[in-house]
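Chains as they are written, first to last, in my numbering: chain Z, 1 to 203; chain R, 1 to 274; chain V, 1 to 209.
Treat the hints with caution; some may be incorrect.
Said to hold, decoys possible - Below 25 Å or equal to it, Euclidean Cα-Cα: the simulated DSS-like pairs (lysine-lysine) are:
(1) K88/R / K117/R
(2) K230/R / K112/R
(3) K36/V / K190/R
(4) K203/Z / K88/R
(5) K57/R / K203/Z
(6) K44/R / K151/R
For the record, the hints were derived by calculation from the structure and aren't laboratory data.
One letter stands for each residue in the lines below.
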Amino acid sequence: MKELGIWIAAFFTIAAYSFLFDGNNPLFAFAEHVFIGVASAQAAVMAYNSIISRAWTPLMKGQWIMLGAVIGGFMLWLRFFKQTQWISRIPLGFLMGVTAALSVTRSVDAEFWKQVTATTQLNWAKPNDALYIVMVVCTLSYFLFCYREQSPQGAFIKKARLMGQYVMMVSFGATLGNTVMARLSLVIGQLQFLMRDWLHILK
Amino acid sequence: MNPELATKLQNIDRRIIYAVLFITLAIPMLKPLGLPVNITSWTKAAYETIDAIPSGKVVLFTASFGPSQAAENQPMGIAVMTHLIRKKVKVVLDPTGAEALPYMMVYANMCKAAGYKEGEDYIVLSYLAGEESVFAAIGKDIKSLYASQPKSPLWDSIKDVTDFALMLDSSGGPSNRYALAHIGGPKKVKIIALIVGNLLTVLQPYYSAGQLAGIISALSGAAEYETLAKAPGAALSGMDAQSLGHLWVIFLIVVGNIAYYSSKKTGTRGGASR
Amino acid sequence: MKFLRSDLPVWLGFIGGIIMLAAVSFTAKPLQDYSKAFLEWTVVLAAFAMALGYANVFRIHANRIRFQRGKWKLSYVAIISMVLYFLVGLVGGTKSEAYTYVFTYVFTPLSATVFSLNAFHMCTACYRAFRVRNMESALLLIAGTIVMLGSIGVGTAIWKGFAIWTGWIMNVPSSAGIRAINIGAALGAIGVGFRMILGLERGHLGGAE
């Protein structure tokens, strides 16, 4: 069974890679549609298990507060019928309100305050730290638009914006380098599977 | 440069580019080059943090990666699990992504093979949907969130997320930021991020600010950890291929620019054909 | 009726959001209990939304077959694989041999391979699009090249400086630039988050502001 599975996996791998050499051919289209089906089913199975473990089981044990979530969930599904589509907006509004609050909580502390204090706590006496502070301020100034270019402050901000632009380009270059590494790893993983597990030419 | 050559260089068939990429990645797998692995400061910090955990303590290992990130996240996860098992640290495995459960089961099988007892030394929690909501709920009250988890000595010993000596979050998306915002910050739990390569620049500021105790990033990070933990695996064997792949990409950038500027001088134009 | 259709979702968003925000600052037990319950409700609602996605994909392909639109014959493949795998997961469970078999030998290779196609498109992008036209693009390509060489063994073998410069680029300019971008993005997220909680942003409900 394992050997058959490896051949099935190899078939789908080659079918997907056929896109590179032959465009949207029938083999790739078949693999693509199997992927759509299996991926959706995978998500549905996990969603079902999630509902059973976090809603249904507690409800059966008498935790009636979860009834609200179950009713809200079924209201979400009414999205499919034109006459009752508006009902799905009720639980959706609640869901978006809670997640917006989580996003605000995350942004205020971890992504704003702690990052700002970490920058201010750097040591000006160390060249790298001093450069770091200057680079952060210059990059932030890139997003300032409320100044008059003709004023002395405006001229200074314009120079800082240019420096900020350069710093961002270096950041994006570093991101490019790391992204190349990430993407190539995926191909390496698939090649390792084909050569080791399928063709047995690799130890 | 000869204008004909410049035009040819600007019109290389993309199938040739793809074929050469396949070959440059495959050859080092067949004939390893034994290239050195450079240890980065953030991977070393992750290793030292894990190495400092006393035996018998409990670690929370969450994962939200799937097959499309497994080539990077799985080798580093296996290296970290090998290190944790060697130190006899107990593990609570929590799949926070819909596709992560089978990979958590691989780690669970590693624990079983090493003689760990399920329920005493390791447990696997159930998957719950919601991403950020799940991390926020873990930070608030992990026992209430996983109320349907069967009773066991290990699970009963956990009262709150602060009972974990460390949290490892393996992901290909934003879950590391959720973990450090809702668990690392308010509950002061140390967090190590195991991530795909393109997230390294995004998380680097959090590591510099001390919000993350370490980062293991991409296949190279996995190879570094395997070297530090003396647990060679799939990552080390893939690094030679990674090296040649990078050289091919750099070569393409250089050739593309030379051909572009040569054709600009001679007044001809082109691009990758087909 | 207008209240149920357009105002109630906004009010529920406001109540949910305000209680979650208040629970961060105030430790009153009722507030903490409500925020915990809201989080657990959100977990359940997210699961229902995931199942909704599955049903939507099913509906799209079923309609394609019904109206014989596009590649409708292949929609049979999508629907059959969707239904079969769902039944395998439902009946056997996610730890069963059958489920793990399909995950390992069908889903994993398809997902990993389709995602890895990115690497090839990136190669053609590097070849076609990355041109040194000005200072900005030069900085981007130089930084990218140094990081690519410094992260791999062959770069370190050519010159040890690549690894040192990669470390400096990652720790100083790259980190500084991304930190500033993160700070700006956080301010934006705070603004948008508050607008959603206060009902000023209603795009997610399918209506105008």
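A quick look at each hint next to the structure:
1. K88/R / K117/R: holds, 12 Å
2. K230/R / K112/R: holds, 21 Å
3. K36/V / K190/R: holds, 23 Å
4. K203/Z / K88/R: violated, 30 Å
5. K57/R / K203/Z: violated, 36 Å
6. K44/R / K151/R: Between K44/R and K151/R the Cα gap is close to 36 Å, so the pair fails against 25 Å, i.e. violated.
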